[in-house]
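2 protein chains.
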Amino acid sequence: MGKKGPKAPQGNMIIGQSGGPTVVINQSLVGAVLAARNWKGLIRKVYGARHGVAGVLGQDLVDLSEVARNKLELIAHTPSAALGSVRKKPTENECRRMFNIMRGHDVRYFFYIGGNDSAETAHIIYTVAVDEDYDLRVFHIPKTIDNDLRGTDHCPGYGSAARFVAQAFMGDDMDNRSLKGVKINVVMGRHAGFLTAASALGRIDRKSGPHLVYVPEIAFSEGKFVSDVKRVHAEHGRCLVAVSEGITDRYGRLIAEKFISDVDSHGNKQLSGTGSLGDYLAGLVKKGFGRQSIRVRADTFGYLQRSFPGLASQTDITEARKVGEVAVEAATSGHQSGTISMIRGDGKSYRIRYKVRPLSTVARHTTHLPRKYINRDGNNVTRAFIEYAVPLVGKLPQNELLTGRKVNPIKT
Amino acid sequence: MGKKGPKAPQGNMIIGQSGGPTVVINQSLVGAVLAARNWKGLIRKVYGARHGVAGVLGQDLVDLSEVARNKLELIAHTPSAALGSVRKKPTENECRRMFNIMRGHDVRYFFYIGGNDSAETAHIIYTVAVDEDYDLRVFHIPKTIDNDLRGTDHCPGYGSAARFVAQAFMGDDMDNRSLKGVKINVVMGRHAGFLTAASALGRIDRKSGPHLVYVPEIAFSEGKFVSDVKRVHAEHGRCLVAVSEGITDRYGRLIAEKFISDVDSHGNKQLSGTGSLGDYLAGLVKKGFGRQSIRVRADTFGYLQRSFPGLASQTDITEARKVGEVAVEAATSGHQSGTISMIRGDGKSYRIRYKVRPLSTVARHTTHLPRKYINRDGNNVTRAFIEYAVPLVGKLPQNELLTGRKVNPIKT
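Heads up: the protein sequence lines correspond to chains G and E, in order.
Quick note: the first sequence uses numbering that gives the first Met the number 0, first residue 0, plus one each step.
Quick note: the second sequence uses numbering that gives the first Met the number 0, first residue 0, plus one each step.
Chain G extracted, bound-state conformation (with noise of 0.2 Å):
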């Protein structure tokens, strides 16, 4: 797998997205399509699935072959899976159901644009077209606001997302120095905590918040969670506080979980989509105050942080429409299947390389912030983890304070 074989076949193409969309996974679609359209003695016809495998199964396959180029312009711009898309294992049968589906499309090569479950799909997509000897290129495009894949220095759709936490964050701390009080913001990231750490990227002075960074990645312990805000209350008389939706105590319990009941085909519990952790967490906070009257707040930052639109990282945009390029390249390259990795060089100017790996590299697997990223407290993030994401979110908005000359109070 991943390793150069026979000259790649003639044949249609099938491609299509999956898992939590993005705003920049339809730049992977673009550059994968237009790609696709300077190998045309290879790959003739290229058809996008909606909903992913749920399309190849239904049929429900629209030709991307003649949509012109302006229009695909607008809609690489455009948030979300622009072919839909689906939380989807399929099973070996339904893998035979697809390829009776992909023959009678002379079918050759399949793209699937996605995270780490949409890299398992494609892995048992083609390991299923081995066992039958159905010759089938199948590649992985990743994907993923969370930034949990394996193999890559950082993933195509976390730099536009973190971008968007780190605005929310620069406003959020305005706004908290204007009224005080508690605020607690609930992040997207179910194993990871880089989204969360980068809510820290928009800091501008020591008193800067967020003040508090709790990452899944770190045990979480309700009483320390108190008393650390209790601490950076008394010292700032106010208190920003990142959390990722992902924490868990120390027997790996998501902190969630009391509140949770959805759970989809891969296995994964339903996060987002409710405010119920960052009210359970304020709760916490009030009660930990007691008679002492303090303003505490709750946002859970939920799905928009992954289709904001006109906000993307140019970083970001240029990165994911590359995967998509790369993938198609090593296809009719000869490679037989991969992911596509990204690899940052050691220079002190940012710089990316691409690498086909293994689908195995991928499939199911997440990583997981570096501990050099989390401060020893395990309630912040570190400057080697600025250092790492910086180049990633791309220039913020600059906040700037007020400050003065005191003025001499009289004596009333």
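Here are the simulated DSSO-like cross-link-like pairs (lysine-lysine), alpha carbons at most 27 Å apart as the crow flies:
| hint | chain 1 | residue 1 | chain 2 | residue 2 |
| --- | --- | --- | --- | --- |
| 1 | G | 354 | G | 88 |
| 2 | G | 285 | E | 88 |
| 3 | E | 229 | E | 285 |
| 4 | G | 286 | E | 87 |
| 5 | E | 394 | G | 70 |
| 6 | E | 39 | E | 6 |
| 7 | G | 405 | E | 44 |
| 8 | E | 286 | E | 229 |
| 9 | G | 88 | E | 285 |
| 10 | E | 394 | G | 394 |
| 11 | G | 70 | G | 39 |
| 12 | G | 87 | E | 206 |
| 13 | E | 87 | G | 229 |
| 14 | G | 87 | E | 410 |
| 15 | E | 321 | E | 44 |
| 16 | G | 6 | G | 354 |
| 17 | E | 70 | G | 405 |
| 18 | E | 354 | E | 371 |
Note that these hints are calculated values from the structure, not bench results.
Since the structure of chain G is provided, determine the placement of chain E on it from the hints.
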């Protein structure tokens, strides 16, 4: 009040900010501060009160006379109240204490940037000043994301918050097209539905969400809500809903009432900073669909709506600056007190003129979304609303839908 009177006095000026911040409230601050520099013969020193009237009472004043213009320009673009905000209604006694302090600093001009509660504060201060024979010019400079002040076409702060909400819904509509199900978004708006109505500004076709819009002006029926959602879901296979945090039942009771405990000194209940209304409505929908398992999610946009940097409407920026300038012009040209209202021209192109009105126009009162902006069924906005709001929000990002020839299915 509001009438021109004797020549403007010589003295110093205090300016403060109050109530919920906006992303352009500092434009009004900077507009007033810079305008005062044009009247050095009358206004000698400009003092900023930290956290509004609390900063006057506590003598927490900062001298803004010497702050450099380029620094002020950066502050103007920074979200939230740079001087700090407060929610406090002063007593007559506190007014007298403030006048003692003001006399000590030779203050003859008082400007207060805020919503209707802040106008009430300004009105109280002016009334007591007249009673006490303290010669003080008192002006309210309007701001509110709720757009619910009387006697004005719209309010500075609304256009930018409306832009955030419109963009958020544009992205979330794409997200909902991609993953289907029912999505409920709770939007700020205690009494007025203007901000929730802005959810409709980014629609691109007849299938675009939000499909349902519920505002506080129309009595909310839980039963009708669930049947509305089921009808839309049956038609589109999905449903995106915008709901004001301030929706009430037919007895005028807040739907959110069961979750609320906090009340501020103006008697307002805390509606924001909690996800419970959204979660409650999502629960109703899940129950309404019964055994039919439907993906239902709720997000509460929260404080991001009023503080998100880098997204402000250009019209809003310009107008927020202008109301600050106009207030100073009014005070120095002999008006005793007042608020600044904005009047829209009748012409085809968007034009605003500014007018000084009595503080009593605005103090404590709120306006509502006119009935003509709400559809007959009470669950959506009309074309007239879109025409009203578009110039305030400015050009939105362009979303494009992927359409193409459907591939003919093969027989399997």
